[in-house]
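Novice: At the far end of the sequence shown sits residue 245, using my numbering, and the numbering has no gaps.
Accuracy of the hints is not assured; some may be wrong.
[Said to hold, decoys possible] Quick list of simulated restraints, FRET-style, between CB atoms:
#1 I175 / R134: 38 to 44 Å
#2 G33 / R119: 40 to 46 Å
#3 R160 / K90: 36 to 42 Å
#4 G58 / R134: 17 to 23 Å
#5 I175 / R15: 47 to 53 Å
[Said to hold, decoys possible] With a cut-off of at most 30 Å between alpha-carbon atoms, the simulated DSSO-like pairs for lysine-lysine come out as follows:
#6 K90 / K57
#7 K117 / K90
#8 K178 / K117
#9 K90 / K178
#10 K130 / K178
#11 K117 / K130
In short, the hints are calculated from the structure, not lab data. For glycine and all other residues, C-beta sits at the position ideal for the given N, C-alpha and C.
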Amino acid sequence: MLGVDNLEGPMLSRTTFSLAPGEILGLGGLVGQGQTELLRALFGVLPLRGGSVALKGRPLRLRGPRDAIGAGIAYVPLERKSEGVFLDKSVAFNMTFASLALGWLSSWFGLIRFRKERATVAEAIDRLKIRTRSGHTPIRALSGGNQQKVLLEKWLQMRPAVLLLDDVTRGVDISTKHQIYELVRALAREGVGVIFYSSDTYELVGLADRVLVMADGEIRKSLAGSELSSAAIVDAAFGSRVGS
C-alpha cells in the first residue's frame, strides 16, 4: 500500500520500506535515530532531499501536511500540547476542527451541521471512554491520556489509509495505553496501515507485526515473527546495518 524508496532528508538516509494494508509497522532503536523525522517527513512537515513515496501505487508530492492529509495520511505527534491540541479550546473543538476545516462536517451550503457535530463528539467520548464532563469542557482540564484520545479521534474522523503515531503512549496511564493498543488493532483489522514509533521495546513487540530498527537515520534491521523480541531490537540498535 505505502512504498517508501531511498528517502533522504533531515536525519534520514536511504530509507526504504513498504507498508501493507492492515499492517502495524513499528519503528524501534535508540531515541533520536530518525524515527520521529521519518514520521514527520511522511506527513509533509519535514522537507525531503531525495527519494520517493507512493500510496496505493500513486506517487505522492508531500509539500506539506495538506498534501499528506489529502492522500489519506494522518499523524499523531509526541508533543501533543505544542503540536497537537488547542489547550484553550474545548474537547469538541479539538476533536472536530480538522473535519470542519476540510469540509467533512459541512453541509451542501457550507453550514456546520451542529447536530452531526454534537452526535459525533458524544459518540466518540463514549466509544473511547474519554473522561470529560462534556464536549464543552476545555481540553486542558483532561489528563494527558484523555487528551491523546481526543487527538486520535480528530484524525480517525478522516478515515485515513495510513496512520502515523509518534510515541503516543509515553506518559499516559496503563489503562489508556491498553485502550490505544486496542484502537490501533481495530484500525488494522479495518485495513488501515499503521506506522508507530515507540521508545518502549516491549510495546513494539506486543503490538507490531514487524519492527524496523533505526540508527543514524538508517534502517538497520527488519524484525518479525520469531525473530522479533525486545533483546533483538536492542541488539540491532547497537549492531551494524544488515539491511531492511
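Novice: Each hint: holds or not?
Specialist: The hints, checked one at a time:
1. I175 / R134: 38 to 44 Å: With Cβ atoms ~23 Å apart, the hint is violated.
2. G33 / R119: 40 to 46 Å: holds (42 Å)
3. R160 / K90: 36 to 42 Å: Once the Cβ atoms are compared, 23 Å apart, the range 36 to 42 Å for K90 and R160 is violated.
4. G58 / R134: 17 to 23 Å: violated (46 Å)
5. I175 / R15: 47 to 53 Å: Once the Cβ atoms are compared, 38 Å apart, the range 47 to 53 Å for R15 and I175 is violated.
6. K90 / K57: violated (36 Å)
7. K117 / K90: holds (19 Å)
8. K178 / K117: With a Cα-Cα distance of about 29 Å, the restraint between K178 and K117 holds, given a limit of 30 Å.
9. K90 / K178: holds (24 Å)
10. K130 / K178: Given that 30 Å is the threshold and the Cα spacing comes to 12 Å, the pair holds.
11. K117 / K130: Between K117 and K130 the Cα gap is close to 20 Å, so the pair holds against 30 Å.
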